[in-house]
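Student: For reference, the chains in residue letters:
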Amino acid sequence: MAALPIAVDGAEKFENVCRILSRFGRRPSGLIPILQAIQHEYKYLPEEVLTFVATSLDVPPARVFGVATFYAHFALEPKGRHVIRICDGTACHVKQSLPVLNALRAKLGTSEKNKTTLDMMFTLETVACLGACGLAPVVVIDEQVYGQVTPERALGLVEDIKAAEMLMATAGAIATEQPAGEECHE
Amino acid sequence: MNKATESTLTIDGRTVAIEGEQNLLELVRKANIDLPTFCYHSELSVYGACRLCLVQVEGRGISGACSTPPEPGLKVLTTTPEIREIRKIAVELLLANHDQSCPTCSRSANCQLQSLAQRLGIKKVRFKSVHQPVPLDESSPSLVRDPNKCVLCGDCVRMCSEIQGIGAIDFSHRGHEVMVQPAFGKPLGEVECVNCGQCASVCPTGALTIKSEVDKVWELIADKAKTVIVQIAPAVRVGLGECFGLKPGEITTGRIVAALKHLGFNQVYDTSFAADLTVIEEGTEFLERKTQGGTLPMFTSCCPGWVKYTEQYFPELLPNLSTCRSPQAMFGSLVKAMLPDQMKIERKDLKVVAIMPCTAKKFEAQRPEMGVDGDPDVDYVLTTQELAHMIQSAGIMFDTLQPESFDMPFGFYTGAGVIFGNSGGVMEAVLRYAAEKATGQRLEQVDFQQVRGDSGLREATITVNGSELKLAVVHGLRNARVVAEQVRAGKSRYDLIEVMACPGGCIGGAGQPVSTTRDTRALRTKGLYHADKMLQLHKSQDNVFITECYAKFLGDIGGEKAHHLLHTTYQSRRRIADESLALMQSENEDKLKVSVCLGTNCFLKGSQEVLNGVLRHGEQSGMEGKLDVRAGFCFEKCESGPTVMIGGEHIPNCNAAKAIEEIDRRIENDEPAGTCNGHSCNHCGK
Chain A
1 MAALPIAVDG AEKFENVCRI LSRFGRRPSG LIPILQAIQH EYKYLPEEVL
51 TFVATSLDVP PARVFGVATF YAHFALEPKG RHVIRICDGT ACHVKQSLPV
101 LNALRAKLGT SEKNKTTLDM MFTLETVACL GACGLAPVVV IDEQVYGQVT
151 PERALGLVED IKAAEMLMAT AGAIATEQPA GEECHE
Chain B
187 MNKATESTLT IDGRTVAIEG EQNLLELVRK ANIDLPTFCY HSELSVYGAC
237 RLCLVQVEGR GISGACSTPP EPGLKVLTTT PEIREIRKIA VELLLANHDQ
287 SCPTCSRSAN CQLQSLAQRL GIKKVRFKSV HQPVPLDESS PSLVRDPNKC
337 VLCGDCVRMC SEIQGIGAID FSHRGHEVMV QPAFGKPLGE VECVNCGQCA
387 SVCPTGALTI KSEVDKVWEL IADKAKTVIV QIAPAVRVGL GECFGLKPGE
437 ITTGRIVAAL KHLGFNQVYD TSFAADLTVI EEGTEFLERK TQGGTLPMFT
487 SCCPGWVKYT EQYFPELLPN LSTCRSPQAM FGSLVKAMLP DQMKIERKDL
537 KVVAIMPCTA KKFEAQRPEM GVDGDPDVDY VLTTQELAHM IQSAGIMFDT
587 LQPESFDMPF GFYTGAGVIF GNSGGVMEAV LRYAAEKATG QRLEQVDFQQ
637 VRGDSGLREA TITVNGSELK LAVVHGLRNA RVVAEQVRAG KSRYDLIEVM
687 ACPGGCIGGA GQPVSTTRDT RALRTKGLYH ADKMLQLHKS QDNVFITECY
737 AKFLGDIGGE KAHHLLHTTY QSRRRIADES LALMQSENED KLKVSVCLGT
787 NCFLKGSQEV LNGVLRHGEQ SGMEGKLDVR AGFCFEKCES GPTVMIGGEH
837 IPNCNAAKAI EEIDRRIEND EPAGTCNGHS CNHCGK
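Those protein sequences? They're chains A and B, same order as listed.
First residue of the first sequence? That's 1 in the numbering used here, and the numbers climb one at a time after it.
First residue of the second sequence? That's 187 in the numbering used here, and the numbers climb one at a time after it.
Derived by calculation from the structure, the hints in this document are not laboratory data.
Watch out, some of these pointers could steer you wrong.
[Claimed, not checked] Here are the in silico distance ranges between beta carbons for each label pair: (1) B:671 to A:147: 53 to 61 Å; (2) A:24 to B:404: 54 to 62 Å; (3) A:168 to B:275: 51 to 59 Å; (4) B:505 to A:109: 53 to 61 Å.
Because the structure is a prediction, the values reported are computed rather than measured.
Just so it is clear, CB atoms sit at the ideal spot from N, CA and C, and this is done for glycine as well.
Could you put together the complete structure from these sequences and hints?
Tutor: Put into structure tokens, the structure is as follows:
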């Protein structure tokens with residue numbers, strides 16, 4: 001995979017990282033909440049930022065890397081603008097989540113290894129259980145939950161997002177980053 | 187009588203006394219039952235992951251002996267059908283995912299996985315492998331990482347963080363994807379590893395091994411155009427025998443010389459000679475610093491692991507490090523300067539091989555400053571283990587060899603040079619010199635018992651000429667860090683500090699035969715002190731060939747020529763290669779490049795404020811299109827931090843105002859990136 005340019009917009013994010021570190025008193029015990037807050041800021045954990053965190057907390061970078069790779073929640077690669085999560089827990093699996101996954105992969109051109117589309121619009125992931133087994137199979141797109149999803153419906157949802165993106169682009173409002181939910185929760 | 191009933195338990199029906207053991211495993215082993223383990227190491231924390239030391243405790247079921255504290259009255263069974271089956275399954279599962287290229291593995295002779303499979307009678311692995319092969323990591327000059335042979339016991343991880351205080355490798359990922367690797371999956375040669383190799387010395391399999399240079403040395407010996415000379419470090423003589431069934435600590439100097447001559451080396455010399463030279467140079471340097479108000483405390487600089495550690499973690503203490511090269515390096519530099527003329531050969535045809543107990547010496551030999559015009563002073567470094575391989579491969583029956591003696595003059599040494607291999611040895615050798623020099627009187631009692639011992643951090647006070655010398659002897663880099671932090675904080679009471687990275691000093695080096703325990707180390711230590719005792723001379727200044735060397739070649743002690751050949755300089759060194767963080771980028775080709783160092787040192791000196799100031803200024807004055815601002819993690823200019831590079835120019839001791847002024851000046855004068863005049867610059871990219 002080619003190294004992608006780091007999505008960084010200037011001083012603001014870096015100052016936020018410094019603020020996050022200070023909020024946890026630069027204590028190694030705060031590593032996990034620090035990484036969570038940083039992921040909120042950058043949408044993933046850039047390697048260089050992890051090195052900075054390690055230096056600031058006086059923790060070996062290898063340990064920070066170990067923690068960041070242990071938890072499924074943390075991403076070390078940039079994600080697409082829209083994150084699609086398909087539940088493949090027992091209930092969803094039995095209720096045919098796999099055909100949904102396969103249909104979406106075929107449409108988006110992603111795979112188990114390359115989860116993000118080349119245009120950085122979609123990231124397609126599986127999760128073990130979302131705790132919404134009554135709605136199985138479940139798909140979550142960004143923060144929205146969809147129940148009893150069929151392959152056809154899933155493809156339709158993707159089409160809807162693509163159409164909305166096109167509309168926005170032609171309207172001149174270039175969708176770079178979602179404007180909402182960006183502020184660091186101080 | 188009472189005591190016996192109160193503090194005993196039974197192991198397989200036999201009564202065993204509890205005598206301060208930390209866990210059941212120690213007790214079981216005391217009762218002469220060798221419970222198998224991968225992840226237990228008496229000097230590291232208990233991990234309890236390998237599930238091989240399982241025992242059945244009556245009333246409690248099966249539990250790991252390593253993580254069960256002994257209690258009076260426990261009834262422990264070590265071998266039941268159930269336990270045997272669990273152990274067998276554990277080893278089978280490990281074997282299923284193990285790269286079983288055993289005959290060609292360098293740890294084949296002493297692999298714990300292999301011997302356990304034998305012991306447990308495993309004839310067939312019933313499980314299918316799900317292992318995906320991953321490439322070897324051969325980036326380090328000292329070590330090879332083969333994750334395909336890792337059993338995830340974590341001994342290396344705990345050794346690196348608990349004893350060395352570094353943590354260059356750690357577990358990453360989760361479940362069946364777990365592996366031990368450096369940060370971000372980078373190669374070992376590009377991270378903060380100091381090459382001490384202690385990870386390899388505790389590795390039960392071939393997942394971490396010494397990078398062998400044996401083949402290159404065979405080639406060299408066979409090349410008739412080359413004169414190949416070899417030097418042997420002190421610690422090798424008390425370790426090599428272990429590979430041939432001899433007891434640890436047995437002195438095999440004469441047999442090593444015989445074996446090396448048999449192998450075809452032209453001349454065989456002793457690094458202890460160069461150690462004597464080091465004592466004189468380092469002792470003189472210390473006395474000068476002490477009497478002329480130089481930088482104190484002075485740290486010894488013989489240990490390449492410690493030197494790299496200081497360069498990475500304590501760059502501001504580099505002036506405290508003795509400028510003396512290590513004995514290995516002094517030897518190479520001296521012989522390559524002296525011998526070509528005497529032997530009427532060219533320097534390029536004289537090759538130096540060093541036999542060392544140490545893996546970090548391989549890195550040291552490759553340092554560019556340890557050579558002349560790209561020709562290294564020491565061409566190859568073989569560890570004790572690699573020499574054993576050469577001897578075995580030549581079929582030399584080492585244990586029955588007739589001893590031979592070193593060649594002269596670089597084979598002549600005193601006891602002071604020999605004890606260099608022990609923790610505290612450099613200190614004692616320097617004291618034997620310094621005490622005599624300072625008082626001008628002959629030192630009769632040469633043993634300084636105060637600095638000997640096993641503890642990782644020892645201190646001593648010695649009165650010389652009416653003034654007190656405060657000394658510290660440290661082994662293990664985690665202990666060294668404690669002492670170095672005191673020095674950094676200005677709270678150190680010491681005058682002279684000896685640091686060795688490996689437990690016990692060089693005798694416990696990772697190049698020595700594996701399975702190093704405290705007992706083995708103690709025997710080797712004793713062996714070296716014994717070697718000192720058996721020599722007639724114990725003080726480096728009594729080495730007549732050293733005296734002659736100064737008189738005929740080097741000139742004055744600490745003089746110009748000696749300084750050129752025997753001393754060196756150090757550099758601050760970044761821990762992880764190639765990390766920088768883009769903070770303000772511009773498409774514009776002509777942008778002004780600004781890099782601010784956020785490495786530990788600069789960070790402590792306030793570089794973060796500088797960076798924030800620059801970024802804010804850039805935004806407020808609308809310079810976004812003209813600036814390219816990056817944060818780096820060590821520009822190797824720690825002494826003058828905070829370090830800022832603007833348009834390729836280094837601005838030492840920078841602050842926000844200074845940086846903004848320079849940026850404004852350059853933007854105004856339309857003087858962007860290019861003030862780097864040709865020479866390679868990592869920071870502006872020109």
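Student: The structure should be examined with respect to each hint, and the outcome stated for every one.
Tutor: The hints, checked one at a time:
At about 58 Å, the CB distance of residue 671 of chain B to residue 147 of chain A agrees with the hint of 53 to 61 Å. The hinted window of 54 to 62 Å between residue 24 of chain A and residue 404 of chain B holds, with their beta carbons roughly 56 Å apart. At about 58 Å, the beta-carbon gap between residue 168 of chain A and residue 275 of chain B stays in the expected band of 51 to 59 Å. Distance hint check: the CB atoms of residue 505 of chain B and residue 109 of chain A are about 58 Å apart, consistent with the given range 53 to 61 Å.
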